[in-house]
Amino acid sequence: MVRKSTNQKAWLLVVPVLLLVAFNAFIPLMTVVNYSLQETFGDNVFFWEGVTWFEAVLRSERFHASLLRQLMFTGMILAIEIPLGIAVALSMPRKGPWVSVCLVLMALPLLIPWNVVGAMWNIFALPDIGLLGYSLNSMGFDYNFTQQPVSAWMTTVLMDVWHWTSLVVLLCYAGVCSIPDAYYQAARIDGASSWAVFRYIQLPKMKRVLTIAILLRFMDSFMIYTEPFVLTGGGPGNTTTFLSIDLVKIALGQFDLGPAAAMSLIYFLIVLLICWVFYTVMMRNEEQ
Amino acid sequence: MSRIEFRNVRHAYPPPPGQAPVYALKEVSQVWEDGGAYALLGPSGCGKTTLLNIISGLLTPSEGSILFDDNEITQRPTADRHIAQVFQFPVVYDTMSVFDNLAFPLRNRGMPESQVQARVIEIAEMLDLSDRLKHRASGLSADGKQKISLGRGLVREDVNAILFDEPLTVIDPHLKWQLRSKLKELHQQIGVTMIYVTHDQVEALTFADKVVVMHDGGVVQVGTPVELFSRPRHTFVGYFIGSPGMNVLPCRLDNGQPVFANNLLSSGYPADTDLSGKLEIGIRPEFVHFASQGIPVAIEKVEDLGRYQVVTVKHETEQIKMIVAEDQLIPSENPQIQFDPENLRIYCDDWAVGADGA
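If you're matching them up, the sequences are chains A and B in order.
Under the working numbering, the residue at position 180 of the first sequence is numbered 180, and the numbers go up by one with no gaps.
With positions in the second sequence counted from 1, the corresponding number in the working numbering is that position plus 1000.
There's no promise every hint is true.
[Stated by the list, open to error] Ranges of calculated distance between the beta carbons of each label pair, as one might list FRET restraints:
#, chain 1, residue 1, chain 2, residue 2, range
1, B, Ala1142, A, Arg94, 41 to 47 angstroms
2, B, Thr1169, A, Met154, 27 to 33 angstroms
3, B, Glu1125, A, Leu108, 25 to 31 angstroms
4, A, Ile212, B, Arg1076, 37 to 43 angstroms
5, B, Glu1072, A, Trp98, 50 to 56 angstroms
6, B, Ala1142, A, Arg62, 56 to 62 angstroms
7, A, Pro93, B, Pro1021, 19 to 25 angstroms
8, B, Glu1125, A, Pro93, 55 to 61 angstroms
What the hints contain is simulated information worked out from the structure, not anything from laboratory work.
Cβ coordinates follow ideal geometry from the N, Cα and C atoms, glycine included.
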C-alpha cells in the first residue's frame, strides 16, 4: 500500500497575500472593532464597554441629524446626476470628429483632485470676489454660502453635480453606443415615438451600466468628505456636516475613539446594506 | 397593398472627405408586382440591403424615385410607407413580453386594445408562439426571437410589403427549413408582397417566384429559378447560380459562331459577327459531356458527390468543370469533351448576346 505523503509547503506561497490583506484590511478593521467595544484613556489601558457605544451612537441626535443630511445629499445628487447624465449621454454625437472632443470635455472634471475641486468652488462661489457668488449677488440674489444654509447646500450639490455627472455620462454613453443600428431601424418600422425608443430600447440597454453608475455614485457621495470639507468645512453651523465629516470631528477633534469606532462600523454597515439591497433588486429584475 | 416601382434609383453613401462618392446602387429600375414573392440574390456588398432600406424609407436615395401604386413616395418617412421589415439579427424589445412585442407596432399606431388582442393572438397562432405569449421576450432562443421579429411585421394588416434582410442567418440549419416553409406558407395565406434578401441561392430559389439577381450595385437579371438556370443573361448569374457555377471561357467569333482555343463550336444562339468587346462563352457543367470526338482535355480532378461526380478538366490553360453521372466511367485515355449547342451561349462584356439574349 502506498501512502500518500502530504506536503503542506504550498501554503507558504499564499503567505504574502495573507500578510498584505491582514495588514491593510483585516487588522485595521479589527482595531476599529476593538475600539468600538472598549473605553481607553490612553497608555494602552482599556475598559470593556460592550455595546454601550453602539447604543449611544444609535440614540444620539447628532448622528441622526448627520445621517439625515447625508441621505438628503445623496438623494439630491442622485436625483440630479442620473437623469442629467442620461440626457447628456443621449445628446452626445455617436460618430464624427466631435466624439473625441466631447469625451475629453466630459472626462476633464474627473481628472481634477478632490481637494482642488473644493478649493476651486470655494473661490468660484465667494460672494465678494468669486465669479458665481459675485454674479448672483449683483443679479439681486442674496447668496452667501459661508453664512446661509440654503446657499451652502446649493453650492455643495452643484459642485458634486459638476464633478461627477461626467461619470454617469461616460457610462451611459458606452451603453448607448453598444446598441446596434437595427434596433433603431426596427423602431422606425414599428412606428415607435422617440419616447418609446428611449423607454423600450435605450433605457433597457443602459440598465447594466446605470446600475453600476448608481452604485458608484451612491457609495462615493455617501462617503463624501474632501470636497465639502474644503468648501464649507461642514458649515455654516452643522448644516453641511455629512457623516464622514462628523466622524472625523468625533474621532480626531474630540478624540472620542470608542463612539467614533462604533459610528464607523454602523456607517460601513449602512453602505453595505443599501448596496446589497439595491444590487439584489436590480439583478432579480434581470432574471425574470 | 400596392405595386412598388423603382425609377432610375441610384444611391451613394456619404464618402470620406475629399473623395468621390461610390455608388452602392447604380441605377435600378424595377417593378415589384403586388403580392409577389421576390428574392433579392447577390453576394455581400452588392447593394441588396441598400435597396431594401430604400424601399422601407430607412434610406433616401441620392437620385431617382420610388412609387407605390403610381404615387411618388421617395421623400416620405418610414412610418407613412406601411412597410414591415425583418432584419438579419433578431430585434426584440427585451423588457416586454412576447405579447407586448407583437402588439408594439399596433399600439404605436393607436389601434384599440380589443383589436390588438385579437390580432396578436392570431399571428402568434400562425408562428407557434401562442404558449409563450406571457414570457419575457429576452428569454427566448434565437429562432424564437426571430419569430417575434417576423411576427411584428406580420401583425400589421395594412402593410404594402414585408421585407426580409437575410432573416435566417442566425438560425440553426434544421430550423431554417421550418421557418422558410413557414414564410412560404404565410405568403400563400396572406398574399402580401414579400421581398427576401439573401446570398444563399437555395434559399432564394425555394422561397421566391421571381429572383432578382444583383451584382455590383445593379440588377443583372430578373427571372424564375428555371430562367436563371437555363438562360443566364449575365456571366455573373451563370456562375453565382448553380453548383458548380457556369464555365466561362474566352472565345472569338467566326461567322457568328464561337471559337474556343481553335475549336469551332456551335451555339444555338449565334451572335452578330461585328461584336467588339470581351467575348466569352458560357456553358453549365451539366451540359459538358465526354465524347469520342471533340476538344481534347486533361483530367485534373474527380470529386464524387454521391449522386453525381464533378470532374475538372483542362484544355490548354482553361479549366472546365463538368457534371458526370455517378455510374459513368471517366475515360482514361485521350479524353475529349463536347458542349451541348442548345445550352452554349455567347457573352460580350459579360452580357449574353444572340437570339433571346439581350
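So, going through the hints one by one against the coordinates:
Against the hinted window of 41 to 47 angstroms, the Cβ-Cβ separation of Ala1142 (chain B) and Arg94 (chain A) comes to about 27 angstroms, which falls outside the hint. Our hint of 27 to 33 angstroms for Thr1169 (chain B) and Met154 (chain A) is violated, since their Cβ atoms are close to 55 angstroms apart. Glu1125 (chain B) and Leu108 (chain A) have their C-beta atoms about 57 angstroms apart, which leaves the hinted 25 to 31 angstroms range violated. Distance hint for Ile212 (chain A) and Arg1076 (chain B): a CB-CB separation of about 42 angstroms, consistent with the stated range 37 to 43 angstroms.
At about 36 angstroms, the CB distance of Glu1072 (chain B) to Trp98 (chain A) disagrees with the hint of 50 to 56 angstroms. In this structure the hint that Ala1142 (chain B) and Arg62 (chain A) lie 56 to 62 angstroms apart at CB holds, the actual value being about 59 angstroms. Our hint of 19 to 25 angstroms for Pro93 (chain A) and Pro1021 (chain B) holds, since their Cβ atoms are close to 22 angstroms apart. Between Glu1125 (chain B) and Pro93 (chain A) the CB atoms are about 45 angstroms apart, so this pair departs from the stated range of 55 to 61 angstroms.
Against the hints set out earlier in the document, violations occur for numbers 1, 2, 3, 5, 8.
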